[in-house]
Amino acid sequence: QRCGTPILRRYLWAVGPGSALPTEVGTLIQDRYYLLGDRRVLDTCPGLLPEIPPPEGSLPPVLWPYLHLFPYRCSVPQVYGLMGGLDQPFFLLEGGPIYPSQGLALQADGSYRQAEGELMPSLVEAWPQATPQRQLGWLWQLARLWDPLAARVLPPRCSTLS
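Sequential numbering of the sequence shown, starting at 411, is according to our numbering.
No lab work stands behind these hints: they were computed from the structure. Bear in mind that the values here come from a model prediction, so they are computed numbers and not experimental data. A few of these clues could be false.
As the list claims (entries may be wrong) - Between beta-carbon pairs, the in silico distance windows are:
no. : residue 1 : residue 2 : range
1   : Pro456    : Leu564    : 24 to 30 Å
2   : Gln539    : Ile462    : 34 to 40 Å
3   : Tyr482    : Arg544    : 35 to 41 Å
4   : Pro416    : Trp537    : 30 to 36 Å
5   : Gln551    : Val472    : 20 to 26 Å
6   : Trp556    : Thr415    : 38 to 44 Å
7   : Gly447    : Ala553    : 20 to 26 Å
8   : Ala536    : Val435    : 22 to 28 Å
9   : Val534    : Pro510    : 20 to 26 Å
10  : Asp448    : Thr415    : 26 to 32 Å
11  : Pro463    : Leu546    : 35 to 41 Å
12  : Cys455    : Ala561    : 47 to 53 Å
13  : Ser521    : Pro432    : 20 to 26 Å
14  : Arg544    : Gly495    : 37 to 43 Å
We treat Cβ as the ideally placed atom computed from N, Cα and C, and that holds for glycine.
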């Protein structure tokens, strides 16, 4: 029986200690997060609120740039929640470099293919196939994000373009 309500697929990017999650692809973490690989997880219960860190705990330094760049949330991933149940907790980011539901990837021959849940290519990989308008959009985002991002993650002498 179908109700016709679309099911939300929330693909999340895991950040934390080390470069990869310490479990096998296909593992269900906390009975909720399905590990897709490459630090990508699918929230199998998107209608439930995610776990958040306790108020007495401090957020790790890796999350501060994302929180400070909240006004630029259209261009920067946002903190979604905490994924515990592992040796060390991983924080989940929403809007990371993962194709969303119904995501299409441009191929070298100019055609598109279904890419839902896959990693997006790096800027270096995507640049040659991109249209001039897309390239201009990326340059605009880089210019817009440079000062606020540099102020958070670079030493003071490196944080300005001048």
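Checked hints:
1. Pro456 / Leu564: 24 to 30 Å: Since the Cβ atoms of proline 456 and leucine 564 sit about 35 Å apart, the hinted range of 24 to 30 Å is violated.
2. Gln539 / Ile462: 34 to 40 Å: Because 39 Å falls inside the window, the suggested range holds.
3. Tyr482 / Arg544: 35 to 41 Å: violated (19 Å)
4. Pro416 / Trp537: 30 to 36 Å: holds (33 Å)
5. Gln551 / Val472: 20 to 26 Å: For glutamine 551 and valine 472 the Cβ distance comes to about 21 Å; the hint holds.
6. Trp556 / Thr415: 38 to 44 Å: holds (42 Å)
7. Gly447 / Ala553: 20 to 26 Å: violated (33 Å)
8. Ala536 / Val435: 22 to 28 Å: holds (24 Å)
9. Val534 / Pro510: 20 to 26 Å: 22 Å Cβ-Cβ, so the 20 to 26 Å window holds.
10. Asp448 / Thr415: 26 to 32 Å: holds (30 Å)
11. Pro463 / Leu546: 35 to 41 Å: holds (39 Å)
12. Cys455 / Ala561: 47 to 53 Å: Check failed, 37 Å falls outside 47 to 53 Å.
13. Ser521 / Pro432: 20 to 26 Å: violated (37 Å)
14. Arg544 / Gly495: 37 to 43 Å: holds (39 Å)
Going through the hint list in order, the structure does not satisfy hints 1, 3, 7, 12, 13.
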